[in-house]
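K.L.:
Given next are the chains, with one letter for each unit.
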Amino acid sequence: MGIAEEYTEPSAGSRFERGLQYLWKHRQAYLLIAPAAIFLLSVVGWPILETFRLSFYESPADSTIETYVGFQHYVEIFQSDIFYQLLWQTGRWVLVGVAGKALLGLLIAIHLKGDIRGRKFFRTAFLIPWGIPYAISAVVFRWIEHPQYGYLNAILIKLGVIDQGIGILGNPEVAWLGVVVADIWIGTPFMAIIFLAGLQSIPEELYEAAAIDGAEKWEQFRYITIPQLKSVILIATLLSTIWTFVSFDTIWTMTGGGPINTTSTLVIWIYQVGLQNGNLGRGAAYSVVGFLFLLVFAVIYLRIYTRGGDEL
Amino acid sequence: MSKVRLSDVTKVYDDLLAVKEIDFTVRDGEFLVMVGPSGCGKSTTLRMIAGLETITSGEIEIGDQIVNDVRPQDRDIAMVFQNYALYPHMSVRENMSFGLRLSDEYEDAEIDERVNDAADLLEIPELLDQLPKQLSGGQQQRVALGRSIVRDPDVFLMDEPLSNLDAKLRTQMRTELQRIQEELGVTTIYVTHDQTEAMTMGDRIAILNDGELQQIAEPEVCYDRPNNKFVAGFIGSPSMNFFEVDVTESGDGVHLSGNGFETTLGVSLDAGAYTLGVRPEDLTVGTDEGHLEAAVDVVEPMGSDNFLYLHSPEGDGEIIARVDSEYHPDPGETVSLGFDIEDIHFFDETGDRVPIDDEPEAIPTA
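In the order they appear, the protein sequences are chains A and X.
Everything in the first sequence is counted per the numbering used here, starting at 81 for the first residue and increasing by one.
Everything in the second sequence is counted per the numbering used here, starting at 224 for the first residue and increasing by one.
Since the hints were made in silico from the structure, they are not lab data.
Keep in mind the model is a prediction, meaning the values are calculated, not measured.
Where a beta carbon is used, it is the ideal one built from N, C-alpha and C, also for glycine.
Incorrect hints may appear among the rest.
Chain A residues, not near chain X, derived (Cβ > 12 Å throughout) [what the hints assert, rightly or not]: (1) 125; (2) 286; (3) 290; (4) 294; (5) 295; (6) 297; (7) 304; (8) 308; (9) 310; (10) 315.
As a list, the in silico DSSO-like pairs of lysine-lysine whose alpha-carbon atoms are at most 27 Å apart [as the list claims (entries may be wrong)]: (11) 193(A) - 105(A); (12) 297(A) - 193(A); (13) 297(A) - 391(X); (14) 391(X) - 356(X); (15) 200(A) - 310(A); (16) 226(X) - 310(A).
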């Protein structure tokens with residue numbers, strides 16, 4: 081059989097038939113990836129489908145009886161005030177968190193790239209927050225922000241900014257900020273390391289050429305660093321957006337979503353409704369809503385990722 | 224356009240002395256090539272002129288201004304890098320106009336005009352809207368050049384700009400670069416490790432080794448009257464042949480012995496140990512009585528001429544002779560090597576040139 085024959089397109093048949101022919105031709109390859117595919121589908125695919133199904137049922141956790149209720153959960157969710165409050169709080173949580181991590185990360189990366197003394201030490205030191213289990217960091221921050229024992233209040237009092245300790249995490253106005261700060265602290269190292277890798281891949285010659293072209297430091301940053309780092313920033317920010325959206329440990333450990341739900345997000349609420357209150361169906365419906373939001377980011381991420389950031 | 228003057232310029236990295244008291248002046252509008260083996264300090268010197276490296280001691284003047292403490296941004300120079308260093312996210316037009324756009328001296332129309340003029344000069348007007356990655360190496364090279372030209376700087380600095388091109392393109396760009404430099408008349412300092420580039424392009428060449436300036440002169444002068452053994456061996460391809468000889472006075476001339484030599488030359492030279500240098504093309508090869516006997520190892524036909532690789536039975540090291548392509552001795556054959564005394568060079572034990580007869584003194588390096 082000649083090589084030419086092997087590459088001949090099947091002359092006839094519908095798209096479906098051609099698909100089958102393709103499958104058959106590559107059956108060995110599909111067979112080989114089948115175990116992994118089946119495993120993934122059973123631990124990822126099936127739970128997703130099950131969640132979708134469950135969201136159409138009334139399913140109390142303490143009973144085995146499931147009652148089909150159609151779109152009732154969704155209707156109630158979209159008619160409730162708490163849903164819109166959660167949307168706003170989740171948006172705020174993600175936006176401020178990711179922006180803070182990205183900006184701080186960039187700042188740290190730029191300084192770590194520079195020729196500072198003890199650079200190796202700092203590079204390692206800055207990774208530490210990322211290596212600590214989130215819940216532990218959250219406990220530490222809860223202590224830092226503690227009205228009586230926390231050093232944040234102690235410092236503020238010493239500086240004369242306030243007279244007596246304020247309970248940041250107990251105050252509905254600012255509690256979310258107290259939690260965001262912890263989340264930024266935890267998430268910044270990842271950003272810094274990714275940005276640092278990106279920065280280091282920018283050839284030094286570009287900066288030299290720009291300097292000779294007359295570009296000042298900030299112009300070099302604006303016209304060389306930012307464009308060169310664009311795809312890295314985009315990818316890291318998207319990933320961080322997804323992770324921040326689904327993050328649970330920090331909020332749950334620090335405030336449990338309180339006071340009066342002001343630090344709650346969709347994810348916290350799903351846990352509370354579905355598992356704490358035992359309303360599995362309602363929890364599943366919230367999950368589906370959250371899933372759809374995330375899907376948007378995931379699709380953007382995948383499109384950029386598979387394109388290799390080439391067009392950016 | 225400006226002259227560039229280096230006075231006792233020294234660069235020390237930690238413990239490493241990279242450039243040692245280099246002292247020379249590049250004339251206004253001159254094309255000066257700095258050449259030397261890797262690590263000789265030529266790129267470091269260029270980068271100090273650019274302001275990309277600090278100067279440990281000494282002074283650099285561009286025009287009439289001492290620029291030691293002037294930032295690269297303010298030196299009014301342009302530089303072409305070995306890897307071109309084009310801004311990957313900018314089109315050719317944006318790359319070329321970047322420096323002009325940063326400055327608020329220029330109207331958009333003038334920037335456009337300058338870019339178009341430079342593109343015409345470099346024959347790349349059709350590439351202006353492309354991105355660097357869409358261009359071939361030779362085209363990128365032209366864009367890098369264009370970026371320098373549009374700024375109409377006082378001095379062009381070029382750091383091995385042709386070394387990433389293939390051989391044919393390199394030869395082509397060599398002439399092209401000279402044409403452009405002549406047309407613009409901008410003082411140009413060009414760094415290369417390739418002695419052919421140095422010989423063919425430079426008005427003058429500065430030869431560096433181990434961070435020290437060995438000689439600065441016109442190419443022919445470096446070739447005909449090398450200041451020292453290093454320059455003699457570095458300039459010219461294939462390299463000059465060296466023979467360690469003992470010289471004793473003998474009647475009207477001197478007697479050479481050692482390394483296969485037992486011959487008398489009609490030159491005046493103090494007695495002592497010397498290195499005798501003869502270029503491959505200055506060796507005559509035949510059966511007549513010459514100055515030295517040698518056995519042929521290999522004949523390398525180059526087309527226009529043949530390279531003979533020989534060794535002297537008593538001597539050490541290889542001897543290369545460049546002979547007519549008609550001449551084809553058999554390997555193993557013993558031949559006689561001769562030369563004219565005008566074509567030979569003597570170097571003392573420190574490697575410095577020792578003038579014979581009434582040849583002019585070596586030109587001072589400053």
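K.L.:
Taking 27 Å as the top limit, are the C-alpha atoms of residue 297(A) and residue 193(A) close enough?
P.N.:
With a Cα-Cα distance of about 14 Å, the restraint between residue 297(A) and residue 193(A) holds, given a limit of 27 Å.
K.L.:
Is the hinted pair residue 226(X) and residue 310(A) satisfied, with a Cα-Cα distance of at most 27 Å?
P.N.:
Distance of about 42 Å is beyond 27 Å: violated.
K.L.:
Compare the distance between the alpha carbons of residue 297(A) and residue 391(X) with 27 Å, and conclude whether the hinted pair is satisfied.
P.N.:
Violated: residue 297(A) and residue 391(X) sit about 39 Å apart, past 27 Å.
K.L.:
Would you say residue 308(A) is clear of chain X, with no C-beta pair closer than or equal to 12 Å?
P.N.:
At roughly 7 Å from the nearest Cβ of chain X, residue 308(A) sits no farther out than 12 Å, so the non-interface label is violated.
K.L.:
Taking the minimum C-beta separation from residue 294(A) to chain X, is that value above 12 Å?
P.N.:
violated, 5 Å
K.L.:
Compare the distance between the alpha carbons of residue 200(A) and residue 310(A) with 27 Å, and conclude whether the hinted pair is satisfied.
P.N.:
Cα-Cα ~26 Å, so holds.
K.L.:
Given the hinted pair residue 391(X) and residue 356(X), is their Cα-Cα distance within 27 Å?
P.N.:
holds, 21 Å
K.L.:
Quick check for students: does the CB of residue 286(A) sit more than 12 Å from each CB in chain X?
P.N.:
Label violated. Min Cβ-Cβ 6 Å, cutoff 12 Å.
K.L.:
Please verify that the nearest CB of chain X lies beyond 12 Å from residue 310(A)'s CB.
P.N.:
violated, 8 Å
K.L.:
Taking only the CA atoms, is the gap from residue 193(A) to residue 105(A) under or equal to 27 Å?
P.N.:
violated, 51 Å
K.L.:
Beyond 12 Å from every chain X Cβ: check whether that's true for residue 125(A).
P.N.:
Residue 125(A) clear of chain X: closest Cβ-Cβ about 40 Å, beyond 12 Å.
K.L.:
Once the closest CB in chain X is found, is it more than 12 Å from residue 290(A)?
P.N.:
Its Cβ does come within 12 Å of chain X, the nearest being 7 Å, so this is violated.
The structure fails hints 2, 3, 4, 5, 6, 7, 8, 9, 11, 13, 16 (numbered hints given earlier, in ascending order).
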